[in-house]
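> Those protein sequence lines, which keep their order, are chains A and B. Just so you know, we're using the working numbering here: the first sequence kicks off at 1 and counts up by one. Just so you know, we're using the working numbering here: the second sequence kicks off at 1 and counts up by one.
In short, the hints are calculated from the structure, not lab data. Treat the hints with caution; some may be incorrect.
As the list claims (entries may be wrong) - Calculated pairs, DSBU-like style, for lysine-lysine (alpha carbon to alpha carbon, straight line, at most 30 Å):
| hint | chain 1 | residue 1 | chain 2 | residue 2 |
| --- | --- | --- | --- | --- |
| 1 | B | Lys107 | B | Lys49 |
| 2 | B | Lys49 | A | Lys1 |
| 3 | B | Lys71 | B | Lys49 |
| 4 | B | Lys71 | A | Lys1 |
| 5 | A | Lys101 | B | Lys107 |
| 6 | A | Lys57 | B | Lys61 |
| 7 | A | Lys101 | B | Lys61 |
| 8 | B | Lys69 | A | Lys1 |
| 9 | B | Lys49 | A | Lys57 |
| 10 | B | Lys71 | B | Lys107 |
| 11 | A | Lys101 | A | Lys1 |
| 12 | B | Lys49 | B | Lys61 |
| 13 | A | Lys13 | B | Lys58 |
| 14 | B | Lys107 | B | Lys61 |
| 15 | A | Lys57 | A | Lys13 |
| 16 | A | Lys57 | B | Lys71 |
| 17 | B | Lys69 | A | Lys57 |
Just so you know, these numbers come straight off a predicted model, no measurement behind them.
Here's the letter readout for the chains.
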Amino acid sequence: KAGVTQTPRYLIKTRGQQVTLSCSPISGHRSVSWYQQTPGQGLQFLFEYFSETQRNKGNFPGRFSGRQFSNSRSEMNVSTLELGDSALYLCASSLSGQGGKTQYFGPGTRLLVL
Amino acid sequence: AQSVSQHNHHVILSEAASLELGCNYSYGGTVNLFWYVQYPGQHLQLLLKYFSGDPLVKGIKGFEAEFIKSKFSFNLRKPSVQWSDTAEYFCAVLNSGGGADGLTFGKGTHLIIQP
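So here's chain A without its partners, still in its complex pose:
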């Protein structure tokens, strides 16, 4: 079974631009979560989608948004990019959105904001 895939793998943007990242979960997984990884803050939870609905949200500004499609694929959007948004963005999928289910991570999208 194929793992979680994320596209693109690398991205360079300038301040003020917006960016969209994509995530395809493991086949059969309906929950997709997004995380931001930086050297300073470590891994931080952004949000989780299940059945096309945002179920949970971390402590990030409204510039960070996402959506999930009927095939469980998910996209994450960051508007008005800031230098501090440079990070590795990780997507994880699990069988359901309920607590207690194991999350499997993709390789991430490395975003550099100049």
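Since chain A is already given, all that's left is putting chain B on it; use the hints.
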């Protein structure tokens, strides 16, 4: 809010040495516990997990972890490390009640195994 502490940010060991990485969490309710590993150039991989039952759980590559509820701890152990265990190790906690904050991760422990 849940918080996770990993006591050692950098650990250097020689091959065949025993390993124990500490992990403590703050929330006292029902939790699900995980250890993930990130090898150089690779993505996060699940090492092992604890949901319920036997507090001593075994994972891949000879790793094990013990859940001690009274100490809010979930320490990772391996009796004899190998050079290939060089990686970043992350402890993570999911509140069983729905995980409103998603997985909460520790800051990670960078483990270097010297041949």
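> Work down the list of hints and note, for each, if the structure agrees.
Here is how each hint holds up against the structure:
1. Lys107/B <-> Lys49/B: Judged against 30 Å, a Cα distance of about 18 Å means the pair holds.
2. Lys49/B <-> Lys1/A: 21 Å, holds
3. Lys71/B <-> Lys49/B: 18 Å, holds
4. Lys71/B <-> Lys1/A: 38 Å, violated
5. Lys101/A <-> Lys107/B: 22 Å, holds
6. Lys57/A <-> Lys61/B: Violated, at about 34 Å.
7. Lys101/A <-> Lys61/B: With Cα atoms ~22 Å apart, Lys101/A and Lys61/B stay inside 30 Å; holds.
8. Lys69/B <-> Lys1/A: 35 Å, violated
9. Lys49/B <-> Lys57/A: 23 Å, holds
10. Lys71/B <-> Lys107/B: 19 Å, holds
11. Lys101/A <-> Lys1/A: 18 Å, holds
12. Lys49/B <-> Lys61/B: 14 Å, holds
13. Lys13/A <-> Lys58/B: Measuring from Cα to Cα gives roughly 43 Å; hence the hint is violated.
14. Lys107/B <-> Lys61/B: 22 Å, holds
15. Lys57/A <-> Lys13/A: Given that 30 Å is the threshold and the Cα spacing comes to 25 Å, the pair holds.
16. Lys57/A <-> Lys71/B: 29 Å, holds
17. Lys69/B <-> Lys57/A: 27 Å, holds
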